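Trainee: Each chain, letter by letter, is given below.
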Amino acid sequence: MRKANVGLAVFFLALGALCLYDSVRIGFRWLPVTGPGPGFLPFYLALGCVVGSALIILREFKKEDKGLPLIPEGGLGPILWVLIPSTVMLMIVPIFGLHAAALIYIAFYMKVVGKIEVYKCALISILFPVSLYIIFDKVFLIPLPSGILGDYLFGPVGKLYDVIF
Amino acid sequence: MAENMQLLMSGIGTALMPVNFITAIVGLALGIIVGVLPGLGGANGVAILIPLTVAMDPVAGIILLASIYWGALYGGGITAILFNIPGEPWSVAVTFDGYPLANKGEPGKALVLSFLAHSVGAVIGVILLSFFAPIIAAFALMFGPSEVFAVMMLTFSAFVGLGGKDAVKSCVSIFIGFLLACVGMDIVTGEMRMTFGSIDLMAGFDFIIAVIGLFGLGEILLTVEEGLKIEGKAGKISLKDVKDGFVIICKEWKALVLGVGIGAWMGLKPGGATPASFMAYGFAKQGAKNKDEFGKGAYAGIIAPEAATHSAGTSAALPMITLGIPGSPTMAVIMGGLMIFGLIPGPMLFKEHATFVWAFIGSCWVGNILGLFIVMAFAPLFAAILRVRFAIIMPIIVYVCAIGAYAVNNRMIDIYYMIVFGVFGYLFKKLDYPIAPMVLALVLGGMAESALRQSLLMSGGNPGVLIGLKINEAGRLEISWLCLLIMIAAFIIFFWPSISGFLEKRKKASA
Amino acid sequence: MRLLRSGVIKLSHGGSSMSKRFSWFKILMVVACSLAMVATSIGTAKAWEPKMPVEFIIPAGAGGGADVMARFIAPIISKHKLSPKPFVVINKSAGAGAEGFMYVKGQKGNPHVIIITLDNLFTTPLATGVPFHWKDMTPVAKLALDYFILWVHTDTPYKTAAEYFDAVKKSPGKFVMGGTGAKQEDQVLTVLIEQTYGLKFNYVPFKGGGAVAVELVGKHIDSTVNNPSEAVSHMKNGTLRALAVCDNERIDLPDWKQVPTLKESTGKDVSYLMLRGIFMAPGVKPDELAFYVDVFKKVSETPEWKKYVTDMGLKDSFLAGDEYVKWLEAKDKEVKELMTSGGLLK
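Chains as they are written, first to last, in our numbering: chain C, 6 to 170; chain U, 15 to 525; chain W, 40 to 385.
Looking at chain C on its own, in the form it has when it is part of the complex:
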């Protein structure tokens, strides 16, 4: 827990320092006529953030006890099983588009993690993206990222929808 605490506090310290720098640049003084300048509030917030994080770091080093590990034993695996596939899905959006990427993602997750029968995986992973594609891209006219291939993969579905309605 100590490492994580210090790590996060260092991150906030850096963040605070960055904001501190920027608020000084845009003017943080309380001017006589106009009141606080644009950087006034950010300056003191960032200052508070820096001081607070520094306190947290100091306190951690004074403590004898290192505390429990941040992630309990065996917990890292499942967490990564959530984070990595989600991130990979976002990575392939520019190629496949959001709906198709989600199709792959859902199918992968159900099959590999859930060990669910292939036909169920196929059914659900196709049904959801297709219906959400129709709801968003067709009915509500919110074009979601289609990537390079998205239009081709879902185009026929859109055509079919146009023909029916």
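Simulated from the structure, these hints should not be mistaken for laboratory data. Keep in mind it's a predicted model, so treat the numbers as computed, not measured. All clues stand as given, with none of them false.
Here are the simulated distance ranges between beta carbons:
#1 W/Pro196 / U/Val33: 45 to 55 Å
#2 W/Pro342 / U/Thr369: 16 to 26 Å
#3 U/Phe260 / C/Ala22: 53 to 63 Å
#4 C/Phe16 / U/Leu499: 36 to 46 Å
#5 C/Val135 / U/Glu240: 27 to 37 Å
Don't be surprised by glycine CBs; every beta carbon is placed ideally from N, CA and C.
Chain C is fixed; fit chains U and W onto it per the hints.
Mentor: For chains U and W alone, kept in the frame of chain C given last:
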């Protein structure tokens, strides 16, 4: 009053006409869907459908738009309670107790309480709209920047009790929330703050995206930490839940009244539904005897914010119709819809287009009451989602959240932010940084800061204006009692924990 | 072969290597498209037409003036069948619209993106330092101009602009002028008035035009330069008084005929109008531009548009081609000069 009653009846009559009635049902169903989908808010929902309404009769058009809003108000709490993912900004506060209660195995009860509280809030809001519009419009006019700032202070003071055990970490988390709210364009000077030349950062950090990540994804990570669960949770809803809900809501009438009152007020001018729900939650907790139960599934912690949300949502229609200022972002879009019909909102709308306005008010009655039944009918369906296996529901939740995050601003980067916020949500929970005050700072930071700086600009930099003291053009002192009173209330509530502690000590000493 | 061409355009967008790698895909598309073409047998029109939904960007938030107009125009286009594909409205409002402008600038040669602009076209790049100039886009048409009117509360003694300006002159910096946003049109106009009459206002920015009007109704501020539609209802209700129109002619609409111009009231000619215009991405072909000019020309002739212009108190003034560019150049110069001399730029 009698005349109003008559107009109202004819308005309700119009709203009950088959075409309008069916329009309302369609709108409510769409609204519930829009409300349930995280990120896709009432404002988006209405904006998307405005082009559709252009071809419609104005009355049916406005009923459609308003019904979407009522539906979104009802539906926002559903995912907040079931998955800790608020579907709308105003349903963040209900996650604090709604999700724990659902997690305890009582999702049905939590949903029913939320819906009932919504409907009560709605009815009070509509009553105000029907009978007291002119008086209340005059009240809303009294709020200038300094009064708005005082209200913001009152909201923050309500949240004093929500910090974590660790004071330093609570402070840091609040500061981070405010800093995030500052990113982007400064409304007063037009200066870019903390954007470092990046166009992506100019948009700032959208509250709803931060919330989906911090609460929703963070919660998923916390859940899987103990191993990937294969089975879904229990999630049945029965008629008994509905009956229990009625009993509980009668018992917790104080929270209900508190929520409705705060909501009706906040919908009128300063903030709208989101701050109202936070404020109601904070006050309900501070005023409750069983403070320790809050955060673990207290009934009052569901009722107060939900009642406030809907009564603020409805009463936000009042300044829109009578003054032409939208009480909430969704109302801003509905107002745009009215303008497309050639109906310019403002004090003349009631006089020049009375039939239209009363049809709208009539549909508020019909829509909100109808909404309760529709959302109740949907409830078992939503509760059933809980029983779906994790390996199926998790990727679908991430997918739907990604769509929602994208739809807020049509930006891919928001989806990345959402994932990053998810990791931070997990770290915050594990390392004991409280998330609620940070989120409150993020949602109200901008509004509070602009109110503060507008007041100071107007007073020529004299800080006295913040407690209602103004020097007018003739050089004489003017006092805004409204501002002063709200500020005093904020201070008392802020120091209440220490005041009550002091009083108790004295009581003990004298006894 | 219209559909096929759109496919090729889309592919080459992703990089030329992509289009080679996916040549098998093209073959597949040819088959699919020819099938689709049989189904939707196209007409013989030779002129360019959109082949996919057109992104209609709004560089402002939902509910504002530009947003309302775009959401009004999009269904008119579908209703009168002016375009074979729908216009999809998308808000990109960050940084006073900088996000939207930069997006369109980056869509070089893409004929399926248009943007509706207001005066932030000129003010935003100057105020934010975003590397953008309106010449980075292709001007399509000017649809209308929005008037500005000087407003005060009816409880104040000022009956004309001249009276009000006299009072402001006596106590410089004390009178609060409310407006929407910082370093945007309302503030630029305030600077113009200040410079013309030798005054000093205390300019306070608020979030939207309706909110500004209500601050004035609530007497929290002293005057505003609201657009007609934002304050019309309060005027009819007898709480706000229109002192003068900031243009050299009176507004030719029934509600507004009686409001004098600034020149009539003070003798000095002050004219400032806000643009409501349309732009396309840079580097589009002439026939693509011609299509959109034609669409918006037709939109501006529909009865719905005429009614909208009257309701909103706009100046209906369609303009396209070189004249539009000339108008833009003159306006750009004016805004830049005002912002520089008014100390709004660093």
